[in-house]
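**Student:** Residue numbers (the working numbering), protein chains in the order written: chain A, 1 to 321; chain B, 322 to 575.
Keep in mind that a hint or two might mislead.
Unchecked claim - Among the chain B residues that face chain A by a calculated CB cut under 7 Å, a handful are: (1) P398; (2) V407; (3) T411; (4) G454.
If you're looking for bench data, these hints aren't it; they were derived computationally from the structure. A virtual CB, placed ideally from N, CA and C, is assigned to each residue, including glycine.
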Amino acid sequence: MTLRLIPALLAALALAVPLSLLAGQVWIDPLAPAARNALPILIELRLPRAVLALLVGGGLGAAGAAMQGYLRNPLADPGLFGIAPMAALGAVLSFWTGYAAQGWLLPLFALAGGALGMALLALIAGRTGGVALFTLAGMMIASLAGALTSLAISLSPNPFALSEIVTWLMGALADRGWPDVLVALPPTLAGLLVLWRAGPALDALTLGESAARSLGVDPARLLWLMVAGVGLVVGAGVAVAGIIGFVGLVVPHLVRPFTDRRPSALLLPSALAGALLLLVADCLCRILPLAGGELRLGIALSLIGAPFFLRLLLAMRREIA
Amino acid sequence: MLATKQVTVAVRLEAITTTLRPGEVTAICGPNGAGKSTLLACLAGLHAPTEGVVLLDGHPVATLPPLARARAIGFLPQDGAVAWDVTVETLVRLGRLPHRAGPKADAAAVRAAMAALDLEGFAARPVSALSGGERARALLARVLAGEPRWILADEPLASLDLAHQLALLARFRVLAGSGAGVVLVLHDLAQAMNHADRVLILDEGRLVADGPPETTLTPSMIGEVWGLDGHWLGESGARALAFSPAGSALTGHR
């Protein structure tokens, strides 16, 4: 069924990308594109934004699928590793210190924060390769990063920085441009490649840790692939878009019934579906009228994601009962 | 040959030296906590001994490339976990992961493994819809699909009814007959007596007996290791273990 799922997702993307370029506060008529500054809007505003939505969504979708496979748990999410909060902390520090005023420094701070998170994770849990220790280390790093972020907010040097930080943390793709694409593209593609390489080992983990090792999986190598793959993808995503939740959790669930349920078979469709979800959600954020600007993408996705999560929990409760 | 030389695992195993031969069914027996699973994991190259070495055809298992080791030694763990509700065919195909033989060879091996365990009709069935016996067969088919020269199984008969136990033991016999080395951790001493060519008895981490079942699983050894007063009934190949009521509890053990 995977073979039909991927063309279907590609077709949906082929349809959604051009449509998303036309939609926004200024609706562009494809038959009269010259009117109303259509070309600059398309090339300088909407095209980079669409590319970013595809990159961030695709990365989060694939990272979510890989995490669920790695932890053998359908409730796992790329946020569990604590890399996203660390990247967010990096970005917050760039606001705090004022370096964010230079636009290109913010994503670099975020990438550095993400890299620090990856290094911490590898340092604490890297030797053993045990999944449980790894998850706990990730949760510890996440809560530490969260606390430091809150500290930075409470010690914010001026109200302007405070509001910048809070708004940025909500996650959005508004006002992003080609420089952001340049920041996000290389790490996201590299991360996706690394996750792809982890695919067979994730499949073997379906049978549990000892069976996977008997099939030739090296747990330490897999851990490195996961830290590097998820770290690159999530770090790049946070660097350009802030915290975007639920994509990594929800998308693999939506896609799984249409695959043979092997983690590796889930990676590509989850990337495509994540890209589609973020593109459509961002487009809706742009169109929906909201006093004082547009709906923040991170908020919108959490609004969609929370009820979905609840539904998932209820379904699991039914299964247990 | 799969051999251990002075294999020691801190607290669990003490200087185990033995050589297992292909074409034989070897049973590892012993009370709970004797180190059976640890020894099996050492043999499979999944547990590094504190001291000593495990040799596969003369080469230390620990230094074999993981994929080469995986192609040579198939391991069936005790828990039988399957994290995702895959179909039987997808499950069996996981056994091909260490191979780089191409899709044709993979498909042939998967078909052969499913046929060997009478799973042809189950290819498209999700694992969650299998009975315990069907599931155990599917998990073993996964091991067979890898076409290993050695098959190491940790309590493969646990949770199976008697008919399925006998069917699985017959399958292990066929595999040994075709030249594979089969090593099973068994709790049921009668199954070991009737179906193994060779029995290793472990007690508190020490190898206390190693040889044909008739000479190792003697009533005196059973008394010494398990603390049971048992005796064998029936003919060779169809023996049953009977216990005298007074000695059947763990009284008088050491």
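**Student:** Each hint should be assessed against the structure and marked as holding or not.
**Tutor:** Consistency of the hints with the structure:
no.	hint	result
1	P398	5 Å, holds
2	V407	5 Å, holds
3	T411	5 Å, holds
4	G454	18 Å, violated
The structure fails to meet hint 4 from the earlier list, while all remaining hints are met.
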